[in-house]
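Start from the sequences and build out the full structure, keeping to the hints where you can.
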Amino acid sequence: ALLDLKGSGVELTGGSVISGLTRQKKMGDDPVALGFTDVLLLKKAVTEHRVPSSTGQHLDIAIVTGYRSHELPLKNLAEEINSNSSLNLTLNCFMADYVMENDVDLSGMDIIYINMLSPSTAQKLTSTVDGAIANGCVVIDDDTLINESVPFSEDQIESYREKLNNYWLNGAYDQSNLKNLVFCIASDCCGRTDLLYKDPHMLPERAIYHTNMTGYFTDSLDTYLTWYSNRSD
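If you use this note's numbering, the sequence shown corresponds to residues 56 to 288, in order.
Mixed in with the good hints there might be a few duds.
Straight-line alpha carbon distances no greater than 30 Å define the calculated BS3-like cross-link-like pairs of lysine-lysine that follow [what the hints assert, rightly or not]:
| hint | residue 1 | residue 2 |
| --- | --- | --- |
| 1 | K130 | K179 |
| 2 | K179 | K218 |
| 3 | K253 | K130 |
| 4 | K130 | K218 |
| 5 | K218 | K253 |
If you're looking for bench data, these hints aren't it; they were derived computationally from the structure.
Structure below.
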């Protein structure tokens with residue numbers, strides 16, 4: 056039975072008794088009545104834990120990856136974030152080979168984001184990541200080799216992981232993607248709504264790449280063809 060006590064007018068002063076019909080559901084059939092049951096309700100004080108949503112909440116964040124292409128952008132991002140005290144964030148970035156050669160302690164982190172680790176590296180991190188989860192850490196792993204702790208329902212986790220991966224994919228080229236990734240997790244998972252983030256700058260499915268280009272040129276085929284037809288070399 057579904058019982059709505061909020062609007063019943065019954066004051067739970069220590070305890071109350073209600074009666075309800077117990078029914079068992081069967082596949083393809085109507086529910087079967089199993090009889091009436093008296094239920095004793097005891098009043099209990101419950102402390103509600105809310106995710107803090109103020110700039111006063113300092114967050115320790117760790118990113119662990121085996122992508123060497125992301126090493127320099129992550130290093131630069133860590134220097135940028137850690138030197139800006141107004142952000143109230145501390146970012147730690149670890150490459151997979153460093154993890155294998157050192158005992159990395161992640162148990163005190165508030166957020167851990169993991170992208171592309173070998174099974175051996177994941178195994179070495181399992182204990183410290185599990186310790187972080189026990190301490191309330193948010194853990195997001197792109198390939199689920201390591202236990203996760205994501206504050207969303209099960210049917211939302213995969214789409215959220217894909218959302219973060221869109222920031223990651225172009226992170227080696229566009230460091231702002233990695234910064235927005237960090238802000239995104241901090242805002243969505245830890246209530247740091249003061250950290251505003253933008254949509255990712257995504258890589259196109261098809262593109263023309265020239266080894267002499269020093270940066271982004273255009274996303275317009277007409278512009279490219281005009282430039283190409285006027286080339287003098």
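Verification of the hints:
{"no.": "1", "hint": "K130 - K179", "in the structure": "23 Å, holds"}
{"no.": "2", "hint": "K179 - K218", "in the structure": "27 Å, holds"}
{"no.": "3", "hint": "K253 - K130", "in the structure": "21 Å, holds"}
{"no.": "4", "hint": "K130 - K218", "in the structure": "22 Å, holds"}
{"no.": "5", "hint": "K218 - K253", "in the structure": "12 Å, holds"}
Comparing the model with each earlier hint shows no violations; every hint is respected.
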